[in-house]
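Asker: Chain by chain, the residues:
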Amino acid sequence: MFDFLSDYDILGAFWTTVQLALLSAVGSLIWGTLLAAMRVGPVPLMRGFGTAYVNLVRNIPLTVIILFTSLGLYQTLGISLGAKGVEDINFRLAVLGLIVYTSAFVCEALRSGINTVPVGQAEAARAIGLSFSQVLWLVVLPQAFRSTVGPLTNVLIALTKNTTVAAAIGVAEAAFLMKEMIENEAQLLLISAIFAFGFVVLTLPTGLILGWVGKKVAVKR
Amino acid sequence: MTEVSVAKEDVAATGELVVLKSVNKHFGALHVLQDIDLTIARGEVVVVIGPSGSGKSTLCRTINRLETTDSGTITIDGKPLPAEGKELARLRADVGMVFQSFNLFAHKTVLENVMLGQIKVRKKDKKAAEERARALLDRVGVGPQAEKYPAQLSGGQQQRVAIARALAMEPKVMLFDEPTSALDPEMINEVLEVMQQLARDGMTMIVVTHEMGFARSAANRVVFMADGRIVEEAAPDQFFSNPRSDRAKDFLSKILHH
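Protein chains in written order, with full-length UniProt numbering: chain Y, 1 to 221; chain Z, 1 to 258.
No lab work stands behind these hints: they were computed from the structure.
Glycine residues also receive a C-beta, built at the ideal position from the N, C-alpha and C atoms.
One should not assume that every hint holds.
Taking lysine-lysine and the DSBU-like style, the derived pairs with C-alpha atoms no more than 30 Å apart in a straight line are [unchecked claim]: (1) Y:K216 <-> Z:K120; (2) Y:K216 <-> Z:K86; (3) Y:K220 <-> Z:K127; (4) Y:K215 <-> Z:K108; (5) Z:K86 <-> Z:K127; (6) Z:K148 <-> Z:K124; (7) Z:K79 <-> Z:K148.
Which residues of chain Z face chain Y? A partial, calculated answer using Cβ under 10 Å [what the hints assert, rightly or not]: (8) G78; (9) G85; (10) G96; (11) H107; (12) L111; (13) V121; (14) D125; (15) A128; (16) Y149; (17) R165.
Taking the hints into account, I'd like the entire structure generated from these sequences.
Answerer: Below is the structure:
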């Protein structure tokens, strides 16, 4: 019953999923933090940009964004992000699309975290002569991150599962292989169960570990 | 307690350090500061008292521009208060501020709280900053708590750390915005003692408080505010024994006769 499995590189496909998730997570954490900084900053132009970005991007389906990176950026505009082969190009485009999309959610999670930091913290920081960016990076954001571990974990788990959309532009990750296997084999339930289990293996420990981290770093007031 | 210099050497021992000229501020329709004129000399300890809602906290907060003003000028050590940006940050570093709710950085240890401004604003190296921080913490009597987080300290200890944090910047003037109002009664004295020591050391201080005992013993001058105006300014003895204005008489009769 399980014989056919050896014909497929399931671990390899999940490894691609992990790479997609990790690279996108790092990228969207950085870009999302910058967006949050823009949205709470004093410069109206940046605030406007941040607000417009978040409201635009989080309301577009991820599939549309991922397809656009391939059809729009690569095939129309010729942007290949420095990669040569089709596989590499698609992989990088998928990471870009995931970052663009996920960062909007990271930004909003962080912004709600910033709102949990009492105003007095920023006032005290300003009162000792720290500049706006120092107040943000040294006092407000470190506390915001600590109270945002929970919501950010949700975003990360959603991101891990969203990597399956990359199959739409031919990135050979888990969902791509699953589709191929379901088409080739008469084992729908078994194959579905295997891939569902694979994602649980990825996301469940993430949730547990980050839940522990969240408790560990929580700011006591 | 260790001796640490807190006030900058006064080259000109006298002179006007903080000058407010016809300062006005509105919160919507409420005119919270009405034509405030106030001059604080170097080394002077001024206590601002008055009923709640009289604008005394707002006044205190305009001096380092945590509150903006609508009109009027504020100068500190001859320099007008800048509106925004780097200049304002530089000026704030010279004006120490102690808040009612302490506002210690919750994610940093007590020691780090006192070191942060020295390193990031005064650009001191870590070792010198730590040395000064420990000396100041000893001075305010919380040296043994240096490695703890603010939430592990009592209110009185937190407020003394907050004073040390402000002193670490070597401020020209210290602002106290109701520093003992959030404290349990038995912790008020430990904070007031630190403040009295500071006053004796010649620090210029502007203190918004309800502690009349402190006003009597440490202040050079009492400023009485009501309804957004400075109603009366006098030496503490004169103010408490013989207030001139009816508003001040009324206020004092309500708080002193228990």
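Asker: Does the structure keep K220 of chain Y and K127 of chain Z at a Cα separation of 30 Å or less?
Answerer: holds, 27 Å
Asker: Can you verify the interface hint for D125 of chain Z: is its Cβ closer than 10 Å to any Cβ in chain Y?
Answerer: violated, 17 Å
Asker: Holds or violated: L111 of chain Z as interface residue toward chain Y, Cβ cutoff 10 Å?
Answerer: violated, 15 Å
Asker: K86 of chain Z and K127 of chain Z were given as a pair; does the straight-line alpha-carbon distance stay at or below 30 Å?
Answerer: holds, 26 Å
Asker: With 10 Å as the cut and Cβ atoms as the points, is G78 of chain Z at the interface with chain Y?
Answerer: violated, 18 Å
Asker: Is K79 of chain Z within 30 Å of K148 of chain Z, Cα to Cα?
Answerer: Not OK: K79 of chain Z and K148 of chain Z at ~38 Å, beyond 30 Å, violated.
Asker: For the hint on H107 of chain Z, does the least C-beta distance to chain Y fall short of 10 Å?
Answerer: Status holds, d = 5 Å.
Asker: Straight-line Cα separation of K215 of chain Y and K108 of chain Z no greater than 30 Å?
Answerer: holds, 17 Å
Asker: Grab the minimum C-beta distance from A128 of chain Z to chain Y and call the hint holds if it beats 10 Å, violated otherwise.
Answerer: Since chain Y brings no Cβ nearer than about 17 Å to A128 of chain Z, farther than 10 Å, the hint is violated.
Asker: Mind checking the alpha carbons of K148 of chain Z and K124 of chain Z for me, to see if they're no more than 30 Å apart?
Answerer: holds, 23 Å
Asker: Holds or violated: Y149 of chain Z as interface residue toward chain Y, Cβ cutoff 10 Å?
Answerer: holds, 6 Å
Asker: Using the nearest Cβ pair, does G96 of chain Z come within less than 10 Å of chain Y?
Answerer: Interface hint status for G96 of chain Z: holds (8 Å vs cutoff 10 Å).
Hint violations for this structure: numbers 2, 7, 8, 12, 14, 15, all remaining hints satisfied.
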